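J.: Sequences and hints are given; from them, build the entire structure.
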Amino acid sequence: MSFTQPKEDKKLEEALVREFQGGNLEAYDKIADIYQKKIYGLSFNLTRNQMDAQDVTQEVLLTLFRKIHTFQGKSAFSSWVYRITLNASYMKLRSKKKEPNVSIDELMPSFNGAGFQQEKIQDWSENTESLLFTNETRDVINKAIDLLPEKEKVVFLLRDVEGLSTEKAGEILDLTVPAVKSRLHRARLFLRKKLSSYFEEFSSRKVEK
Amino acid sequence: MICCKECLDLLYDYIEGSLDQETTDSLEEHFQDCPPCISFMKTYKSTTTICRDTLNQVEVPDAVREALLKVLKENKEHPGEN
Chain P
7 MSFTQPKEDK
17 KLEEALVREF
27 QGGNLEAYDK
37 IADIYQKKIY
47 GLSFNLTRNQ
57 MDAQDVTQEV
67 LLTLFRKIHT
77 FQGKSAFSSW
87 VYRITLNASY
97 MKLRSKKKEP
107 NVSIDELMPS
117 FNGAGFQQEK
127 IQDWSENTES
137 LLFTNETRDV
147 INKAIDLLPE
157 KEKVVFLLRD
167 VEGLSTEKAG
177 EILDLTVPAV
187 KSRLHRARLF
197 LRKKLSSYFE
207 EFSSRKVEK
Chain V
10 MICCKECLDL
20 LYDYIEGSLD
30 QETTDSLEEH
40 FQDCPPCISF
50 MKTYKSTTTI
60 CRDTLNQVEV
70 PDAVREALLK
80 VLKENKEHPG
90 EN
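Residue numbers (our numbering), protein chains in the order written: chain P, 7 to 215; chain V, 10 to 91.
Hints are supplied without guarantee of correctness; some may be wrong.
Listed below are several chain V residues computed to face chain P (Cβ distance under 7 Å; list not exhaustive) [to be verified]: (1) 21; (2) 56; (3) 69.
In short, the hints are calculated from the structure, not lab data. Keep in mind the model is a prediction, meaning the values are calculated, not measured. Backbone N, C-alpha and C define an ideal beta-carbon position, used for all residues, glycine too.
T.: Pasting the structure below:
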């Protein structure tokens, strides 16, 4: 599921926000219902912990209730919700011991003096289908994403997982469009490299059989 | 003729469809002569798809949903106590 919003949804949502700002609690219930899964999904993917994601979701939904009067409509309501969700998730992450970050630069593609790729590149893109929903594959993907540095990870989650536009991700993260693009590209290169070893090994296992 | 490094730098915009025609042509010309870059492009695209499909499987567990409902209900009845 992606969270790009069709126009009608956006209008409906703006109407709900105005109603809730005017004191209609049923409108709040609808807003909470629309956003619960998005908030939980994003905070779970950031913290990778059910308790933390539950805490964050609760905190964000309560903040929406209490702080709705501070929302002025200068940016989209959803951007406001995403920002509160990210801040609450970061608070959770900061309170925990941090795993040492891997250097993302080491996993970027390497080239020879003439600008040609140095490593052997295998095409495993056709082999992913049968593997996609196995537990092993899911673990590999989750671990690879865990290893992404925070700056790249959050851009990847908003753009590629939530399906937001580059402009919207930039608005939420206070980044320029080129900065969002460059972080997303680096995240994808990093993940591609991490997943390559797994899928290439899988292809060779298949050949041996 | 562009090299692999330039090719990979252009991948993002190529996939978005935001390159001008001339750059697209020279990139595609590179692909014709460079199977590794085709493999790279395909696996780069796949990476996005499989990560998105995997991460979007997160559902709110029933127990969490119930707990949240309870908190929100209490909050509405007695705001400010949570």
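J.: Each hint should be assessed against the structure and marked as holding or not.
T.: Consistency of the hints with the structure:
Hint status for residue 21 of chain V relative to chain P: holds, with the closest Cβ pair at about 5 Å, below 7 Å. With a least beta-carbon distance of about 4 Å to chain P, the hint placing residue 56 of chain V at the interface is held under the 7 Å criterion. Checking residue 69 of chain V against chain P: minimum C-beta separation of about 5 Å stays under 7 Å; hint holds.
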